[in-house]
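Colleague: Chains as they are written, first to last, in the working numbering: chain R, 154 to 397; chain G, -13 to 430.
Hints are computed from structural coordinates only; laboratory data are not their basis.
Using N, Cα and C, we set each Cβ at its ideal position, and we do this for glycine too.
Please note: incorrect hints may appear among the correct ones.
[Claimed, not checked] Using C-beta positions, here's what the derived DEER-type ranges look like:
#1 G:A327 x R:G267: 27 to 35 Å
#2 G:D37 x R:P251: 58 to 66 Å
#3 R:G267 x G:T302: 50 to 58 Å
#4 R:E172 x G:G430: 26 to 34 Å
#5 R:E172 x G:L397: 56 to 64 Å
#6 R:D370 x G:L(-11): 33 to 41 Å
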Amino acid sequence: MALIELTEVTKRYRVGEQEIAALDGVNLSIEAGEYAAIIGPSGSGKSTLMHLLGCLDTPTSGRLMIDGIDASRAGGDRLSELRNAKIGFVFQSFNLLPKFNVLQNVELPMIYAGLRAADRKSRALAAIERVGLSNRVKNTPLQLSGGQMQRVAIARALVNDPRIIFADEPTGNLDSTTGESILALFQELSAQGRTIVLVTHDQEIAARTPRRIEMRDGKIVADVRTAAAAESRNPNIEIRNESE
Amino acid sequence: MKLWLSLLMGLKEIGAHKFRSILTMLGIILGVASLLTTFALTAGIAHGMRDFMTQIGGIEKIEITKQDPPEEQSGFADISPGSTVADAEIIQRRSPLVNYVSPVSSLSNAALTRGSQTYRATVYGCWPDFYYINKHELEVGRRLSQLDLDEARHVCLIGQSVVRSLWPGRKSADVLGQSMLINGRPFTVVGVFKLYERASEKARRAQGIVRPGGGNLSAGRSKNYDPFFGKNASVQTPITTMFYDYKSANVVGKVDQGPNYKLDQLIFQLSDAARFHEAVEQTRALLNVTHRGIEDFAFVTREEWFDSMERSIRSTRISGGLIACISLIVGGIGITNIMLASVTERIREIGVRRAIGAKGRDIFLQIIVESSVIGLGGGVLGLGGAFGLLRLLAKITEGENTPLVEPGAILISVGFAIFIGIVSGFYPALKASRLDPIEALRYG
Chain R
154 MALIELTEVT
164 KRYRVGEQEI
174 AALDGVNLSI
184 EAGEYAAIIG
194 PSGSGKSTLM
204 HLLGCLDTPT
214 SGRLMIDGID
224 ASRAGGDRLS
234 ELRNAKIGFV
244 FQSFNLLPKF
254 NVLQNVELPM
264 IYAGLRAADR
274 KSRALAAIER
284 VGLSNRVKNT
294 PLQLSGGQMQ
304 RVAIARALVN
314 DPRIIFADEP
324 TGNLDSTTGE
334 SILALFQELS
344 AQGRTIVLVT
354 HDQEIAARTP
364 RRIEMRDGKI
374 VADVRTAAAA
384 ESRNPNIEIR
394 NESE
Chain G
-13 MKLWLSLLMG
-3 LKEIGAHKFR
7 SILTMLGIIL
17 GVASLLTTFA
27 LTAGIAHGMR
37 DFMTQIGGIE
47 KIEITKQDPP
57 EEQSGFADIS
67 PGSTVADAEI
77 IQRRSPLVNY
87 VSPVSSLSNA
97 ALTRGSQTYR
107 ATVYGCWPDF
117 YYINKHELEV
127 GRRLSQLDLD
137 EARHVCLIGQ
147 SVVRSLWPGR
157 KSADVLGQSM
167 LINGRPFTVV
177 GVFKLYERAS
187 EKARRAQGIV
197 RPGGGNLSAG
207 RSKNYDPFFG
217 KNASVQTPIT
227 TMFYDYKSAN
237 VVGKVDQGPN
247 YKLDQLIFQL
257 SDAARFHEAV
267 EQTRALLNVT
277 HRGIEDFAFV
287 TREEWFDSME
297 RSIRSTRISG
307 GLIACISLIV
317 GGIGITNIML
327 ASVTERIREI
337 GVRRAIGAKG
347 RDIFLQIIVE
357 SSVIGLGGGV
367 LGLGGAFGLL
377 RLLAKITEGE
387 NTPLVEPGAI
397 LISVGFAIFI
407 GIVSGFYPAL
417 KASRLDPIEA
427 LRYG
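I would like the entire structure built from these sequences, with the hints used as guidance.
Modeller: Shown next as structure tokens:
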């Protein structure tokens, strides 16, 4: 079974009198270890899709399985647990807590996981080392550059050893050089077997991922794998057949 | 999430906004300070009053006085011998609920003379028990004895007012064994009472402050009413001596009416104040025998008086406490206000926390802990404020009852502050915990 499986997922919002379908019957599956980009113009439903995949929201109808758990019917607390244990988020605007230093920021997910202080510290330090910021442990986010902040955010996303990492426009607030290094970091993580899903509207970035999922008007209009990806993994169609 | 971590986070948040937090706490600080001060002041007053009540005999002292018999008995009221020593004797023998009993025959406005010094006071002819019932304490000498009574000796116990008037500048010990005249007849002083005074007077004297007019021994009807004036002016002598020397003849209009051995007063003390009514009924039954069924006596108890004192203390405490509570509640509203602002300020932070796995109740706990810490901090600082305020008050209103800080009052005040903190954090916490994670992440 795939790590993430969406079956006929629909998400509707009510805006005043109108009902808008942000997602309209989406079928998608992502295997463990994949590095995919969801791409589309604003209003295409890519953010909604990411919120669903990230267990921040539940679909109006359809089924959403994450690591074998049905997230489409889960309650708020269950979703929180799923987010905590299985998912790491990286945001466009970093979203670090400004009053906490780097170490404390990275420790935060483990606090909610209920880990002991000693374990938290050692794991946080390991994650910080992984993103190359060991010399910045006691700094607060305001003392860091944008690229460093994003690295801290990635460390925070990694620290609970999640099954999937979601990155929402991770380079959107960074200059191209820094953005490049962040993407390189994602590349490395992917090479180590992490499942990473990027959300972006930047074709160039999407072009560098092995898989591109293109959205428009709440539907997936294209799901393309590069040759390299196709070689190592089953084509998309086949996965779909498997799930049906 | 563990409570301890929430507490640390709350402290961190408060520490990050020190000035704002102090301002928020101010309402609680003032509330707790005024609540505790009110409690301390009323406790001081209550303590002073109870002290005074005990000094004048306490609730367990009961007095029997004369009363006109009811109308249906007026025709044959003469069969009653009236109040006599026999009443005291029967109570002493037959009433197990009575500790001490003393008949009293007094000589009011008697002239106490030594040389050229004269002092006018009431002389009480009594039994030795009188000393215990009225809670006297000797400074030097001895109490009256049964032998004094049996032999009708000319001995007396005197209070400090008498000492200072007749033996000015002399110590109590010097007065022992000296004689003085009571309405012209010589008596030997065998005991001198200690000086009775309020706690505040004692404190003042200890500090060496002497009020003009000689402290509480100044005239009883002066501006500074002294509840112990009568007690300090007390003169006690055996009731037998009183009868033989002063009550054996009763000259009215140049005709001797014969001896007057009726009592002016009959006082007794209960062994157990809890069995107050039982004791009164028991004594009433005994006196009905000696008075041959004529109800020409009445009980004067302090029950109602003491009750009304307690009531007034209680109402002072409640009204003061209520006002202080209102300021605490206002302080709580301040906390709610600030916490709401703080939640709005941190919507994005809350979104991030939710995204990385915080549950609604984790966020709720975080906000509640923060507001309770503000409440607790305000309570503790208010405690300090209260002690400062009490020192100030003690300086300003010297001579009043010293404020008394009871541990229970501290517990109530600080506990209430924490309670207010929790209650006022409730709504902001609920609001924060119900934020939609997605919208919170998008906010700002």
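Colleague: Take a look at whether the Cβ-Cβ distance between G267 (chain R) and T302 (chain G) falls inside 50 to 58 Å.
Modeller: Holds - the Cβ-Cβ distance for G267 (chain R) and T302 (chain G), about 52 Å, lies within 50 to 58 Å.
Colleague: Between D370 (chain R) and L(-11) (chain G), is the Cβ distance one that fits in 33 to 41 Å?
Modeller: violated, 48 Å
Colleague: Using the Cβ atoms, figure out if D37 (chain G) sits within 58 to 66 Å of P251 (chain R).
Modeller: holds, 60 Å
Colleague: Given the hint of 27 to 35 Å, check if A327 (chain G) and G267 (chain R) actually sit that far apart at their C-beta atoms.
Modeller: holds, 31 Å
Colleague: Determine whether the Cβ-Cβ distance between E172 (chain R) and G430 (chain G) falls within the hinted range of 26 to 34 Å.
Modeller: holds, 28 Å
Colleague: Return holds or violated for the Cβ distance of E172 (chain R) and L397 (chain G) against the range 56 to 64 Å.
Modeller: holds, 58 Å
Consistency note: the structure conflicts with earlier hint 6 alone.
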